[in-house]
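Asks: Residue-level listing of the chains:
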Amino acid sequence: VVTLLTDYGLDDGFAGVCHGVIAGICPQARIIDLTHGIPRQDVLAGALVLAGAIRYMPAGVHVAVVDPGVGSARRAIAVASGDGRRFVGPDNGLLWLALHACGGIVEAVEISASPLRLAPVSATFHGRDIFAPAAAHLAAGVPLSAAGSPLDAGELVALEPPRARVADGILLAPVVYVDGFGNVQLGATNDEIEALGLEPGRSRVELALSVAAALDDAARAHSVTAVSATARYVRTFDDARADELIVYLDSAAALAVAVNRGSAAYRLGLKPTDVVRISKHPC
Amino acid sequence: VVTLLTDYGLDDGFAGVCHGVIAGICPQARIIDLTHGIPRQDVLAGALVLAGAIRYMPAGVHVAVVDPGVGSARRAIAVASGDGRRFVGPDNGLLWLALHACGGIVEAVEISASPLRLAPVSATFHGRDIFAPAAAHLAAGVPLSAAGSPLDAGELVALEPPRARVADGILLAPVVYVDGFGNVQLGATNDEIEALGLEPGRSRVELALSVAAALDDAARAHSVTAVSATARYVRTFDDARADELIVYLDSAAALAVAVNRGSAAYRLGLKPTDVVRISKHPC
Amino acid sequence: VVTLLTDYGLDDGFAGVCHGVIAGICPQARIIDLTHGIPRQDVLAGALVLAGAIRYMPAGVHVAVVDPGVGSARRAIAVASGDGRRFVGPDNGLLWLALHACGGIVEAVEISASPLRLAPVSATFHGRDIFAPAAAHLAAGVPLSAAGSPLDAGELVALEPPRARVADGILLAPVVYVDGFGNVQLGATNDEIEALGLEPGRSRVELALSVAAALDDAARAHSVTAVSATARYVRTFDDARADELIVYLDSAAALAVAVNRGSAAYRLGLKPTDVVRISKHPC
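Top to bottom, those sequences are chains E, F and R. So that you can map any letter, position 18 of the first sequence is 18 in the working numbering, and since no number is skipped, the others follow by simple counting. Whatever position you read off the second sequence (first residue = 1), add 1000 for the working numbering. Whatever position you read off the third sequence (first residue = 1), add 2000 for the working numbering.
The following block holds chain E by itself, in its conformation from the complex (with noise of 0.2 angstroms):
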């Protein structure tokens, strides 16, 4: 098994050209499209949509391409997680959650100058040229050691994803992720959840919103509220009414807002980035 998640999109072609070449690498691979729609060269987005889906997939070679400094000295890279799996793409971050969902970092090469790569190199396509290929050749059989030369793990680009604050009865989260019915995730859990002091379906959320620049900017994303809202805590839409905005935790287990049958993000205009303030209401 294969899968592919990149910004590529599906118009143009190029997810289609990665399947191409694997396929003609490793015929016998059975190539998944996790997704190629990841807001473009958005390496949080692909990071945490990786993460999310990960243990769903077969154990297999994962690869993921968002990469923004293509052509530039990032490393490319090729890594054996704790579980068996093993994971190719641009060291951006991209791989980072997901290999830490998936016992952590056990083995890592630099494939930039893979000798499995194609020749010549492009300098703007290294799914095709590089990524592909190696994945391709890995999935045949090709050790990891094969494919590159190796690093050590704490070579590797970390990535931190921005995650709530709770203090003083307030919860101050930041949007990670919206998805295409616009239901917002946030950067927030259970444990932010209990913080609170909220039970699903019994406690009225008074939720107000903050845009700020970045959440270590608390004070300003204080100040700064630009829209403000009642919302109900629920542990499933069916819980609300139509059109009723709601706060649960999502199929990835993490905190998110929603409109039942209707989009958070368009009522509310948030995007990631945007931070949210939700404390509970008095009465």
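Wrong hints could be hidden among the right ones.
Taking lysine-lysine pairs in the DSSO-like style, the calculated list, with each CA pair at most 30 angstroms apart, reads [claimed, not checked]:
1) E:LYS271 with F:LYS1271
2) F:LYS1271 with R:LYS2271
3) E:LYS271 with R:LYS2280
In case anyone wonders, no lab produced these hints; they're calculated from the structure. As the structure is a computational prediction, the values presented were derived from the model and not from experiment.
Got chain E; can you put chains F and R on it based on the hints?
Replies: Quick look at chains F and R alone, frame taken from chain E:
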């Protein structure tokens, strides 16, 4: 063969995750993506696309998920059809038209609490947790009776698509689907065309559009005319000039409105639930 | 291997239906979706994407459908190329560039009335009724001669993509394709760059844009300058600052205009058929 039809889109990885779940349970399954682009939560559009496509699919397990009631008390079902196919999806009418195009309902089970489901089941992503695993196990040879508890065919939710009416030489036809080319499919077939006394390529047809809340509201459908235009009833696009408005029988044998090398939906502002009034041109 | 390239999009199930038809006729076929996102009815864009991608595809049966003349007298064809591939599609020039990139035309047959087609053939969906079945039977071992009636290679519709001109140190290059990142591919290659006397990363290039009805109208291309900008000719994105306008050789070895971490199409308002005027910067 396992086919998938959903409204998940392809950007967020939901469809890819379903592929992963199926491939993990039943590695030998061949998965065909019928489409993941059904308009969000549009059960009727999903039902029509599935019913129109099913006879071109090899017999297998056919998953469909357009599921605004996910997490509610609505049933999740698996159904065997008269021609030996198995269908899996929510019991909200989505499977209804396809089941009847495939020989009707032979056996049905409720799989909401199926022993084949993933644990824990999320409240919002039953495609991953209930439907994909059930389909994969069925494809791997598990009998329908082992997938859930038996249901009477009469308990299933039916779906009655809006249909056209002909009276006094006037056809009132609901828009049921608009495709990506802007071709507008109506809830009418060759029968209604014959009732109007039209012959392909021989008749000029006057087309007047009425936007009505529902087709039942026939009086308003007559009176509220937003746009009127003249079209020609033809066999195919090539019988029309570039940019000409035409009425024809489409590849699903439904009456449709199109603009040759253009978009009828855009030109006429048509969308599903609109009603189109068609009558024969006097001269 | 059967590859598919169409302008069907992925929303309406048209591509999925073609998969189903092929899998039904030739279950052992591996289907690769090169893309279904060619701009609607844009034969030139489809021809360019197919020709650029084909050498990365395993040899097989290559279906392409961008077919504004569906239902007309235009031929449906199947063609064997010099390198042993088979191509299937409408005879409107769509296959032309790929055929010539693959060793030219060795054998051609007209398949409009092929014994392999589905019956009845719809007037508007030949992908399903003619092209997919023909491809599947070819993939299953049916010889080309059994798929239709012989055609002389000289009878096929040729496609001549617009090409650049260099004169007096000025390059006039047509926009031939805009990808999803907003990178703008021109109808020019390294030859024209050398004719201008440019070296990668060493030259500053002044870029002036003219919007002309066609490249043949060279006089107007000179005179109508809508936007002018300065760009640098580089090897790759990383040689440029963020947001800098660059000219480079893209992964298909074509000259292209891009904005590092941005969209050149958006910034310059470029679209296919526009003509870009490029000359060396005086200093």
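Asks: Taking the hints in turn, state whether each one holds.
Replies: Results of checking the hints against the structure:
1. E:LYS271 with F:LYS1271: With a Cα-Cα distance of about 29 angstroms, the restraint between LYS271 of chain E and LYS1271 of chain F holds, given a limit of 30 angstroms.
2. F:LYS1271 with R:LYS2271: Holds - the C-alpha atoms of LYS2271 of chain R and LYS1271 of chain F are around 29 angstroms apart, at most 30 angstroms.
3. E:LYS271 with R:LYS2280: violated, 42 angstroms
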